[in-house]
Amino acid sequence: EPEVTQTPSHQVTQMGQEVILRCVPISNHLYFYWYRQILGQKVEFLVSFYNNEISEKSEIFDDQFSVERPDGSNFTLKIRSTKLEDSAMYFCASSELDTQYFGPGTRLTVL
Amino acid sequence: GENVEQHPSTLSVQEGDSAVIKCTYSDSASNYFPWYKQELGKRPQLIIDIRSNVGEKKDQRIAVTLNKTAKHFSLHITETQPEDSAVYFCAAPSSPGAGSYQLTFGKGTKLSVIP
Numbered sequence: 001e002p003e004v005t006q007t008p009s010h011q012v013t014q015m016g017q018e019v020i021l022r023c024v025p026i027s028n029h030l031y032f033y034w035y036r037q038i039l040g041q042k043v044e045f046l047v048s049f050y051n052n053e054i055s056e057k058s059e060i061f062d063d064q065f066s067v068e069r070p071d072g073s074n075f076t077l078k079i080r081s082t083k084l085e086d087s088a089m090y091f092c093a094s095s096e097l098d099t100q101y102f103g104p105g106t107r108l109t110v111l
Numbered sequence: 112g113e114n115v116e117q118h119p120s121t122l123s124v125q126e127g128d129s130a131v132i133k134c135t136y137s138d139s140a141s142n143y144f145p146w147y148k149q150e151l152g153k154r155p156q157l158i159i160d161i162r163s164n165v166g167e168k169k170d171q172r173i174a175v176t177l178n179k180t181a182k183h184f185s186l187h188i189t190e191t192q193p194e195d196s197a198v199y200f201c202a203a204p205s206s207p208g209a210g211s212y213q214l215t216f217g218k219g220t221k222l223s224v225i226p
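Line by line, the protein sequences are chains A and B.
Just so we're aligned, residue 1 is where the first sequence starts under the numbering used here, counting upward by one.
Just so we're aligned, residue 112 is where the second sequence starts under the numbering used here, counting upward by one.
Bound conformation, chain B alone:
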């Protein structure tokens, strides 16, 4: 099955700086890579996703890049704000191509934005 590694586990940045979180995956057949933001006690909230037919996707201050050859993808948050503080999880399909879409998650990155 899929194995997803995520780094770093914690990240502190000054407000206004950029944050980058990186993930690697093991199954070269994986073709869909979502990122979720989870605030304390809340649901994982989808913030951006990317499919393997593109290398980069951007939504305002958030961007995701994908390198299929190296099997890694990254989340970039620019101009960070205190409300960006949360745990961020990357994920990849557990059984790509099997006709089901369950996800394998990384261990999460706790992002703290210091005002």
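The following block holds chain A by itself, in its conformation from the complex:
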């Protein structure tokens, strides 16, 4: 069964550094999402992407964040200047329509 994949599984970075989190959505899916989960808390929506553009974004998704689909398979989340409070698990998800499947996540630790 196809699955969403993400790399890296764990990223450690210094405050102020840029990070890029990578995702490969399920191949026939049209909608892509990034969510984050701070340890012990609920999953929070960041951004959705459809037809090569952002369709919705939350208030968390400020100017420090950007997303890109650089080729036909990858979907990336970039954080330009990381802050301590960006430490969280970042999940990519994809869907044909409303049913979303999540990747295994990237644990981002900002020191």
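The hints are simulated quantities; they were obtained by calculation from the structure and are not laboratory data.
Treat the hints with care, since some could be wrong.
Said to hold, decoys possible - Below, a list of computed lysine to aspartate or glutamate pairs in the EDC-like style, where the Cα atoms sit at most 20 Å apart:
| id | chain 1 | residue 1 | chain 2 | residue 2 |
| --- | --- | --- | --- | --- |
| 1 | A | 42 | A | 86 |
| 2 | A | 42 | B | 113 |
| 3 | B | 182 | A | 3 |
| 4 | B | 221 | B | 195 |
| 5 | B | 169 | B | 128 |
| 6 | B | 218 | A | 44 |
| 7 | A | 57 | A | 1 |
| 8 | A | 78 | A | 44 |
| 9 | B | 221 | B | 126 |
| 10 | B | 153 | A | 1 |
| 11 | A | 57 | B | 138 |
| 12 | A | 78 | A | 63 |
| 13 | B | 153 | A | 59 |
| 14 | A | 42 | B | 128 |
| 15 | A | 42 | B | 160 |
| 16 | A | 42 | B | 116 |
| 17 | B | 153 | B | 190 |
| 18 | A | 57 | B | 113 |
| 19 | B | 169 | B | 190 |
| 20 | B | 221 | B | 116 |
| 21 | B | 221 | B | 128 |
| 22 | B | 182 | B | 128 |
| 23 | B | 218 | A | 59 |
| 24 | B | 133 | B | 116 |
| 25 | B | 221 | A | 86 |
| 26 | B | 133 | B | 113 |
| 27 | A | 42 | B | 150 |
| 28 | B | 168 | A | 98 |
| 29 | B | 179 | A | 98 |
| 30 | A | 78 | A | 59 |
| 31 | A | 78 | A | 96 |
| 32 | B | 153 | A | 63 |
Claimed, not checked - Non-contacting residues of chain A with respect to chain B, defined by C-beta distances greater than 10 Å in every case (computed):
| id | residue |
| --- | --- |
| 33 | 27 |
| 34 | 80 |
| 35 | 81 |
Since this is a predicted model, take the numbers as computed values, not measurements.
Ideal placement from N, C-alpha and C gives every residue a C-beta, glycine not left out.
Dock chain B against chain A, hints included.
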């Protein structure tokens, strides 16, 4: 936007007993309600979902019920087993009808099944 409330936050049951987790939502236009199971350090895994054109859906030991009038939906797990121990999240569309499908999640229920 959508607001999803989930109860209880923790639930302990004896193996073999049933577990029920309840969620309410605020936007009457919402029409899709998934449930995810998340084991420690793992991805949220879709276990069952329901759409607003049905009131109940069942898959083996798991069932979901939906009451659109009251704007609540519930997850029922029967004959619980230790491997059911996990955090369960309900969700609803953040912007129903807007042509995008992002979800608003509840705060989660930590289910512990005691052998």
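Distance restraint between residue 57(A) and residue 1(A), which requires alpha-carbon spacing of 20 Å or less
29 Å, violated
Sort out whether residue 86(A) lies within 20 Å of residue 221(B), counting only the CA atoms.
24 Å, violated
Would the pair residue 133(B) and residue 116(B) pass a check requiring their Cα atoms to be no farther apart than 20 Å?
8 Å, holds
Within 20 Å, alpha carbon to alpha carbon, are residue 57(A) and residue 138(B)?
Between residue 57(A) and residue 138(B) the Cα gap is close to 18 Å, so the pair holds against 20 Å.
If you draw a straight line from the CA of residue 182(B) to the CA of residue 128(B), is it 20 Å or shorter?
26 Å, violated
For the pair supplied as a hint, residue 42(A) and residue 86(A), confirm whether the alpha-carbon distance does not exceed 20 Å.
15 Å, holds
Please verify whether residue 78(A) and residue 63(A) have alpha carbons no more than 20 Å apart.
Satisfied, since the Cα-Cα distance of roughly 10 Å is no more than 20 Å.
Proposed proximity, residue 150(B) with residue 42(A) (alpha carbon, max 20 Å):
13 Å, holds
Does residue 221(B) pair with residue 126(B) here, judged by a C-alpha cut-off of 20 Å?
15 Å, holds
Within a Cα-Cα threshold of 20 Å, do residue 153(B) and residue 1(A) meet the stated pairing?
Holds, at roughly 18 Å.
Check the hint pairing residue 221(B) with residue 195(B) against an upper bound of 20 Å on the C-alpha distance.
10 Å, holds
20 Å Cα cutoff - pair residue 153(B), residue 63(A):
29 Å, violated
Of the numbered hints given earlier, the model fails hints 3, 7, 13, 14, 17, 22, 25, 31 and 32; all others are met.
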